[in-house]
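> Go ahead and model the full structure; you've got the sequences and the hints to work with.
In this note's numbering, the protein residues as written are 42 to 781.
Please keep in mind that the hints were generated in silico from the structure rather than gathered at the bench.
Just so you know, not all the hints are guaranteed correct.
Simulated pairs of lysine to aspartate or glutamate, DMTMM-like, Cα-Cα distance not exceeding 20 angstroms [to be verified]:
#1 678 - 655
#2 283 - 271
#3 243 - 206
#4 204 - 258
#5 473 - 483
#6 679 - 760
#7 95 - 258
#8 135 - 147
#9 243 - 195
#10 204 - 138
#11 417 - 386
#12 678 - 760
#13 417 - 380
#14 283 - 151
#15 314 - 338
Pairwise CB distance ranges (calculated) [stated by the list, open to error]:
#16 463 - 738: 13 to 21 angstroms
#17 472 - 566: 16 to 24 angstroms
#18 376 - 336: 54 to 62 angstroms
#19 336 - 419: 40 to 48 angstroms
#20 442 - 590: 45 to 53 angstroms
#21 754 - 516: 46 to 54 angstroms
#22 566 - 738: 47 to 55 angstroms
#23 644 - 442: 19 to 27 angstroms
#24 439 - 419: 34 to 42 angstroms
Beta carbons are placed, not taken as given, at the ideal position from N, Cα and C, and that holds for glycine.
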Amino acid sequence: MDFDLEAPGLLHFQPFQPKSGDKRPAGFSEYIALCLEQGPPSELNAFIHECCGKETDQGKTWIMPAGRDREPGYLAFLNTTTWADFYNQQDGYKILENLRGHIIAEYEPDYVFIDARTGLSEVGGIATHQLADIVVLVFNLNEQNLVGAKRVFDSICSHAPLKPELILVASPIPVMPVDKATPFGKKMQRIKRDFNKAYNAKKPVVIPYHPLLAYEDRLLVDDGDLFSSDAPYRRLTELIQKVAQVDEAPYLQQLITPLQKSDWKQVIDIAQKGVIKHPTSLNLLNHLSRAYFFSGDYEKALMFINQTLLNAKATDNVIKARLLMLKGSCLEQLEKTSEQIAAYDEVIQCFGQANEVDILEQVAKALFNKGFALGKMQQLEAEIAVYDELVQRFGQAQEIVLLEPVAKALINKGAVLGKMQQPEAEIAVYSKLLQHFGQAHEIELLERVAKALINKGVVLEQMQQPEAAIAVYDELLQRFGQAHEIAILEQVAKALYNKGVVLGQMQQLGAALAVYDELLQRFSQAHEIAILEPIAKALYNKGVVLGQMQQPEAAITVYDELLQRFGQAHEIAILESVAKTLYNKGVTLTQIQQPEAASAVYNDLIKRFSTTNDPMLQQYACLGLNSIGFALLIEAKKHANSQQRLSLFEQSLEHFEQALHSAAIDDQATILGNQAYALFLLHRKDECRAVLQAALKQGGQALYDEEKADSQLNELPEDTEFRALLDEVWQSLSAQQDFT
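Here is the structure:
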């Protein structure tokens, strides 16, 4: 609100100009004139205008200008209005109180700033004595200014009914020595004495002289000044907020429930309102940063993280360390790995020598995350070096928050050594972890112990040491079989599953079935996805084992149990077991001479997964297409009617061609071989030769044997010619290169 009616100036600042583009907006003088003639208006939008503002503004600003100061009516208003009469004879007090209430009701402003001259005989007295909750006295340090400011100060202290708080601002002040014996120091002592009732009498805000402002109407806070010319204005803002008792507590209280519910949209709404009123609140900025992160808006999260770090004080080390960690997580999501590592390095460098556990926890996490990021960049040696540094720094700590990253680092180090084809070294790392944390009681560490046992067993399997692997799995089951924590039970389920797999590979099929049954019985009531995955895999493997034991009907029963239990799942890991089960059920039905039932199962498989984006699920859909195509081809060879036979050959060829669109590399040779055979039976022998050559190049001897065997099923006269072509192509390829 511009109450400096004799020399209005706010409209000279571009951000305060009306958004409507109105060059002569009505304002305070027109409002008062209307009130005196007709009474208060029902709406204020003719006198209060939304400002242009800046693109970066997070709120809105409105202005009530002084009025149309270049028009005759404005000057007439100034000349004829006597503020004493306005108060004494024209209900001026009520008019202004009505204006105050009307502004609050219509705009619900966070702040109302009034630009007023400090004189007592004109409209400035209205602002300082009636309307203001806080008066900011701005004066220079010369005698004239100090005397005038003191007169206004005394009047406010004596006569203002609201007793506003008073903030002192010395401006503009040239750069000069500030010791007590200097002119500046003496003036400050005088202010401390004469203005002792002011809020900041002991330390007035001092705004230095800035030459630029003598030439231009600029808001320094919008300029991003590298020399921090805006710093005094920001200090004044913080002081006003402090005096106005703008407190973050109500907003933090409102945030409790949405934070508990992870309602990030509501967290953002509340925190943003709080930040507008309290822009330097670390707690609100911190919540806002995290809410944007968990909402997936990583760019905005990063913006508020940087803003919070700028506002953090030297003593806010815990907040700074945690924000830098969050910054690293944002950069990870934005795939800016180098910047992500730089954020972790800043944590390590700035806080590595700290003593507080809360801060050291962030250092340990930073080291772990840095190692993981280096691994994503395939810098495996560097990744291991960082994990070693983490273990060296915190391996002997007592606090669980420091030991957990150590255990995780050892797990990851082992996995990296596995990638580097160093299985003995990998096992040594897991053994070190088991030795260091084997007697722990904390769930966070026991989870890593169980994970180390699982990984150790897997490595022993890869090293062709099945008995040793089973011994490790048994150790895990003995130690953790009675656990209740989901994270550990997940490893128990994996151990049972892996043990069953190893026993099956050792041809101990009965023992393998018993282990799968133990897993299924133990976790029959489980609902957690981490446990449901090994259950689904165990059911599938149980069906496979029953098939190996020549019990196809029992195998189909198990497959049906899996499909009934998991057929409507959405998790990819479980759907892979569903796809494999459908395929194997179709194969088993074919083996027991139920081709129509098998075809129905394959069609179900294709319908479910042919359009998925997951490669594994697509692979089984392609195998289903290939199986239907092959069944049609073999069935066609039975037909005496040549037209029906050719029609079925065409249908089988279509299935093979569809299967090839998304087939896995390992399956392409078989499908190409079937395609070549169908082309031959359709008398497209030149095409057959080219496809057969491609198939044999990929499939080698195994495919050659398959093709020869297929040609002997429901044999036709032309199969002799096909085998001759097969031999010719095979011999030609064999002469060119060695097939194994």
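> Now look at each hint and say whether the structure bears it out.
Here's how the hints hold up against the structure:
Between residue 678 and residue 655 the CA atoms are separated by roughly 35 angstroms; this puts the pair beyond 20 angstroms, and the hint is violated. Using a Cα cut-off of 20 angstroms, the hinted pair residue 283 and residue 271 holds, with the two alpha carbons roughly 19 angstroms apart. Note on residue 243 and residue 206: the hinted pairing holds, with a Cα-Cα distance of about 15 angstroms set against a maximum of 20 angstroms. Among the hinted pairs, residue 204 with residue 258 is inconsistent with the structure: their alpha-carbon atoms are about 33 angstroms apart, more than 20 angstroms.
With a CA separation close to 18 angstroms, the supplied pair residue 473 and residue 483 stays within the 20 angstroms bound. For the hint linking residue 679 to residue 760, the alpha-carbon distance of about 13 angstroms falls within 20 angstroms, and the restraint holds. Of the supplied pair hints, the one linking residue 95 and residue 258 holds, its CA atoms being roughly 15 angstroms apart against a limit of 20 angstroms. Restraint check for residue 135 and residue 147: the C-alpha separation of about 18 angstroms stays at or below 20 angstroms, so the hint holds.
In summary, the hint linking residue 243 to residue 195 is supported, as the alpha carbons are separated by about 17 angstroms, within the 20 angstroms threshold. Restraint check for residue 204 and residue 138: the C-alpha separation of about 16 angstroms stays at or below 20 angstroms, so the hint holds. Of the pairs offered as hints, the one joining residue 417 and residue 386 holds, with about 17 angstroms between alpha carbons and a cut-off of 20 angstroms not exceeded. For the suggested pair residue 678 and residue 760, the alpha carbons sit about 10 angstroms apart, so the restraint of at most 20 angstroms is met.
For the hint pairing residue 417 with residue 380, the CA-to-CA distance comes to about 14 angstroms; that is within 20 angstroms, so the pair holds. A distance of roughly 14 angstroms separates the Cα atoms of residue 283 and residue 151; the hinted pair therefore holds under the 20 angstroms criterion. A C-alpha spacing of about 18 angstroms is found between residue 314 and residue 338, which places the hinted pair at or below 20 angstroms, so the restraint holds. Residue 463 and residue 738 have their C-beta atoms about 35 angstroms apart, which leaves the hinted 13 to 21 angstroms range violated.
Range check, residue 472 to residue 566: about 35 angstroms between beta-carbon atoms, so the 16 to 24 angstroms window is missed. At roughly 18 angstroms, the beta-carbon separation of residue 376 and residue 336 lies outside the given 54 to 62 angstroms, and the hint is violated. A C-beta distance of roughly 31 angstroms is found between residue 336 and residue 419, which places it outside the suggested range of 40 to 48 angstroms. At roughly 51 angstroms, the beta-carbon separation of residue 442 and residue 590 lies within the given 45 to 53 angstroms, and the hint holds.
At about 50 angstroms, the CB distance of residue 754 to residue 516 agrees with the hint of 46 to 54 angstroms. A beta carbon spacing of about 52 angstroms between residue 566 and residue 738 agrees with the range 47 to 55 angstroms that was offered as a hint. Between residue 644 and residue 442 the CB atoms are about 54 angstroms apart, so this pair departs from the stated range of 19 to 27 angstroms. In this structure, residue 439 and residue 419 meet the distance hint of 34 to 42 angstroms, their C-beta atoms being roughly 35 angstroms apart.
Checked against the numbered hints above, the structure breaks hints 1, 4, 16, 17, 18, 19, 23 and satisfies the rest.
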